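*Asks:* The task is simple: from the sequences and hints, build the whole structure.
Number of protein chains: 2
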Amino acid sequence: MKYNQYAYQKTSLDQAKKELASINFLPQNWQTLPFGELFAALVENSVAEAKTPAAKIAKLAEFAVDPQTSLKDFLQTDPTRLTSEQFYDVALQLLGYHPFYDYDLAAPIKFMNKQALPTVQSIDNSDQLVQAFYQLLNTRAKNGQTLIDNLAGKGYFTQFWGKHEFMFFNGKSLPVFDTSKVIREVVYVASDLDTDEDGQSDLMQVTIFRPAETNSGLKVPALYTACPYFGGIIDNAKENHSVDENLTDATAWTNPPYVAKPQVPAPKPGTENAEPTEEAVHKATYPLNEYLLARGFASVFAGAIGTRGSDGLRITGSPEETQAAKEVIEWLHGDRIAYTDRTRQHETKAFWCNRNIGMTGRSYLGTLQIAVATTGVAGLKTVVSEAAISSWYDYYREHGLVIAPGECQGEDMDKLAETCQSNLWDAGDRIKIYPKYAAEQKLLQTWQDRQTGQYSDFWEARNYRHHTDGIKCSWISVHGLNDWNVKPKNVYKIWQKVKNLPIKHHLFLHQGPHYNMNNLVSIDFTDLMNLWFCHELLEVDNQVDELMPPVLIQDNLHADKWHTEADWSDDLGQKVVYYPNDDGSLAKDGNGKAKLSFEDVGGSDFKAAKISDLDWEYKFIAGDEKWAKPSLRFESEEFIHPVTLVGRPEIHVRVSGSLPKGQLSVALVEKADRKRLTPTPKFLMRGGQELAYRFGTDTLQEFVPDKETKAKLITKAHMNLQNYQDMKRPSKIEANEFYDLTFKLQPTYYTMPVGSKLVLIIYSTDQGMTKRPLEHETYTIDLANTELTFSQK
Amino acid sequence: MKYNQYAYQKTSLDQAKKELASINFLPQNWQTLPFGELFAALVENSVAEAKTPAAKIAKLAEFAVDPQTSLKDFLQTDPTRLTSEQFYDVALQLLGYHPFYDYDLAAPIKFMNKQALPTVQSIDNSDQLVQAFYQLLNTRAKNGQTLIDNLAGKGYFTQFWGKHEFMFFNGKSLPVFDTSKVIREVVYVASDLDTDEDGQSDLMQVTIFRPAETNSGLKVPALYTACPYFGGIIDNAKENHSVDENLTDATAWTNPPYVAKPQVPAPKPGTENAEPTEEAVHKATYPLNEYLLARGFASVFAGAIGTRGSDGLRITGSPEETQAAKEVIEWLHGDRIAYTDRTRQHETKAFWCNRNIGMTGRSYLGTLQIAVATTGVAGLKTVVSEAAISSWYDYYREHGLVIAPGECQGEDMDKLAETCQSNLWDAGDRIKIYPKYAAEQKLLQTWQDRQTGQYSDFWEARNYRHHTDGIKCSWISVHGLNDWNVKPKNVYKIWQKVKNLPIKHHLFLHQGPHYNMNNLVSIDFTDLMNLWFCHELLEVDNQVDELMPPVLIQDNLHADKWHTEADWSDDLGQKVVYYPNDDGSLAKDGNGKAKLSFEDVGGSDFKAAKISDLDWEYKFIAGDEKWAKPSLRFESEEFIHPVTLVGRPEIHVRVSGSLPKGQLSVALVEKADRKRLTPTPKFLMRGGQELAYRFGTDTLQEFVPDKETKAKLITKAHMNLQNYQDMKRPSKIEANEFYDLTFKLQPTYYTMPVGSKLVLIIYSTDQGMTKRPLEHETYTIDLANTELTFSQK
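Those protein sequences? They're chains A and B, same order as listed.
The UniProt record's numbering puts the first sequence at residues 1 to 793.
The UniProt record's numbering puts the second sequence at residues 1 to 793.
Each hint can be trusted.
Remember, identical chains collapse to one label, so a pair may be satisfied in a single copy or spanning two.
Lysine to any residue pairs mimicking SDA-like chemistry, simulated, CA-CA at most 20 Å apart:
| no. | residue 1 | residue 2 |
| --- | --- | --- |
| 1 | Lys181 | Trp161 |
| 2 | Lys432 | Thr77 |
| 3 | Lys436 | Pro67 |
| 4 | Lys181 | Gln159 |
In short, the hints are calculated from the structure, not lab data.
These numbers were taken from a predicted model, which means no experiment stands behind them.
*Replies:* This is the structure in structure tokens:
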């Protein structure tokens, strides 16, 4: 498997020597040392667990330079050069590989190449040895981390504890801060909101993890994670709305409004700076934050309004939620007041912050990055938004329909608000907040409008894409191309706006579902983030913009291949049009004339079968006879060259329904009996990554070939027939009349392998996402007026 | 679910006051404080995350004493007493429960009772309040830990860091040691063995985790885990022996010997005590050790001979292995030399050890406890041996047959030795050791004798039960009643010997497979271990022998019920005999006369079906038509009263085979369509237990009702027909002649619920355990001479 590396900064020999000396890795007398002794010294320094010269020397006997010779014996020959085989035999051991098991001591270079690890050709003098060792320290080890990070995990950098300053190596921050003394504290930021309408500004509990060195004057950046789940999750999944109901006439829609909550401006910050008096109980939930905390980046978590320890109401997706999340940055930047406890008696300041703030987090936590970024709040320099929602309509609705996130049937804004209203857990808070909360729930239930599924002012207020002009910070988006929770449209649509803004922007698309990518084998994402945050928040000149391509996309056939692209849009490819034919084929030269029908049976068979949404989906796309019945399918010939679908396919379809209402679904499927990648990455060496010295672990992972399957969903979309005229406004329709629908599918970047077929499926009820009507409806498709368009490359 | 508690020591009010004062929990002026203020102070002290009086007071607003009144408002009424409802409303919040979600603020006592949490009836004065609070601190919280342990996790005891002495609360050690400074070091103990025959005593890497306070004179006990996997695991499962082969004539047996390795006595300890020079790289793998480390018990791990960082050969199960494991204790006790590194230049001592050593660990790690205990080595005070092998013949063989541990078909002594020979991973070590290792593998492959499966001197030397007279330490065994890896016979047979020794002995039997039990909801095992080790290794007089019953057995129907027994043996019940009848029934009044046959087809169908061992087993015991064919089944009537099978059922069977060789299997199965417990405990609140302050976490778990199944295996056994005369010596047998076999099944403690049936299955090939012959054999059972005997209560 390839350990691709993007975050390695090419470094001159002089600079390498300087950096190696700065971390006490290069012996002071290295220029006068005989070659063999220098090599021994560098290997010894790499054995960080051995703490004395004698202990280090003793360890040399455990290495070998070829199949017969231990390093100890070899060094006794006073070598004056090394073959690259000798060097990499030892290097691979340092990188954590086991000779004889993982690689052949007789052929280390072959193995280095196979793993995509960099090598040098000759090591004929001390300079070349130093250069090779510098590169080796920055090479990714078997556990996915660089060797220098592995040394850190063994305590190499404790020698710098107490120095109280940032140190950098190859452009990235080193863990030179005392991880045993990290400060974990809680403060209460005063919002200008009064969502609980008690006449006082809402207080919001903010949790800070920061290097102890900040108490001695060090100023550090803050990585802020706005996390509505931080105080706890109220598990209400079993009380989700029923989706087993008929569609209703969408014209009953009344355009529910957005109604603002009252504001009660908090006092301006004063001069007091009391020490925080409460220790954090909750822990960081994201290893990347912990990794960076050890490297000097403070980690700040806040649930904000409605969450445990905070006042107020959770109002999911609302401008109030954005405001509350933003206000934490205002405090970090020195522009807002916070108190030591909820009695508001003593002000406390983020005196330790260098006023440069980045945001991190996935899903709802990524969403709030988009939200806050659009405010242009001072101090926010960059966001790394993972699997984020860019419009809440695109999370819970689609084209006039109620459409669930994958495996979340019946969830909605009210339920998510309840999930995060964790201040209800504390009885004292609950007694106070419950009546307001219950009233707000009622409003949400009305305004979210699960009857019609139409766009409205309620949703308009929850579409961050209208406010992208406010974005001033630099931007990274990360999304899984198989994310059926936060569907890829969310990242695609905001990317089309962000890419035109005068800000730095990057995009990573991996093959996962709703998932992080920071410890994959195939990409050094963690190192890239170190590089990025050093550049953005510590102003280190480290070439990150040259090293990190604008768009990196993981291949769906080979997990260890990443495509560098300049953009992600339809424009990456050329338009092709496919037509469904009367004989069930899907072809570029279509001449379909038939009107074909299928009878949708809603959720009846599905519920009787008691299978999961995902089970159904696989059987359905694979063409299982029972489940395929309520659908029309059109299948291409086998692809004889690989073709990549890019951007958002579009479907035009002329359809009639047997009722004066209807929902239409279309899916594109890749069909072939073959081994595809695992849906989630496989864990490799569980807990094998040390985030820092005695500071928690993470696990290397990667998508790997799975057992054979018959088909894979590429993309899909759903649409309400009553929106045939206008996606934002329902029309009356008649039963058995034809209407023309045109709509786009979720965006993709999917390579059809040779021998696979493309299948277009037209259906109605999507068991995992749409409502599941109780009544049957017959849909008829006019093939002569139906076509599929997409970009391919 | 019941949070049963055994480790709570009844404590007088005076003692409670003394202990509460000693940990600064009771205000110094408590006797003069008004009742309400005292209550406030005790609640405030329980909010360990609030670090100042003001912060603590602010927190009171988050609690409630009834559905309408916050604690803050209640305290303003200057209360002079508390109803038990008021007290436990607050108490349950402190224990981590959420009012309105977990319990009803109007009925807290009902909830306390449901959870089996202790309550007091009236709290009318300060003394009663203090007593109630003392009990509350020692009550198990929602996460399974006591409240005092939860406070510890929030840093309550950091106030005692630097005191450098043990502190106890309710008879158990408190985490008052500075967990941020734990010393993690490596030393090299010199064995008297020279298993690699290089003329030098083998050095063994020993890893020590100890409180930093030991560097200031504190002496602490050592919990030693002899762990052959500590240096790493060589994954060779895919290279296991094939079991798809015919039986061979067992009389070819030649009684393979045990051959000792050379000894090269190490130097006696001298006077030098150099500081260790190598930091530990590996981490403790067992949360209970970490928990106790924070409470002052050093944790010592050693892989010993053959493992990474050590010299020598792994010789699984051998007296040499026992000796090597024991020698680590000799070093801990001051009786053996260790060096700072493998160059043997500087001696280093376990100066920090109070010379009281306990052993912990599961599986192979538990096995080595039995091994070392039999040596009677000085310093070893107690073992807590979990899921341990007491005779290696009972792990890889049974009654003259090669019988695999569950899900380990084809594994054997040689393969396990290879798995643990992790010094092969370091090229320098490998170059040296490989020829010796390869030769030893050949010897093991010959001597383990997979052809005949017979007992021999090789196995005799690997049966620890012959040496129980040497045991001097106290004893705890823990085993899963559903452990089909290390089968329960291992613990049962050694228990029958241990229980008659003049040592303290206890036995825990849980419902798990090959599993730990230290964080179950239904029993406070971790607290019991704290109590036990304080008593055994720190000589604290804490009534542990009265509190901990001799035998505790988890019920197989209700996971939160534990049976207290005086013993575990056939004598717990009364003998009953069941007979198989011609009509397929199994009854006490048997009159079977038929000779019934089945044709064993070996592994052919199984391999064709490509299902797992466990899939097969379930289908087989459930009576699936296809899989049940090669067997005879006899089914009792439904039980109309619950009956518990105890001890080791015995089968007598008269059988003939169509070949002059054969293997017979018998199983007892409980049959009924019902929900049984999950095979492994379900995780509850993952990571929700803090082992100490910022010192790792563990997860509460428990067996819970699972989806409905048709049948459950109670016990089984296998026997070679050629051992009909003597279990330790094969005889020639003739095809189609009848032979009388008598053998015992694995021990059990299994309650047959009302409505279930007992099924006796007689078969031959057990796909998951026996060899799977390529040839077919017809077995005939003479029912008139077949009977099943067991004890029931």
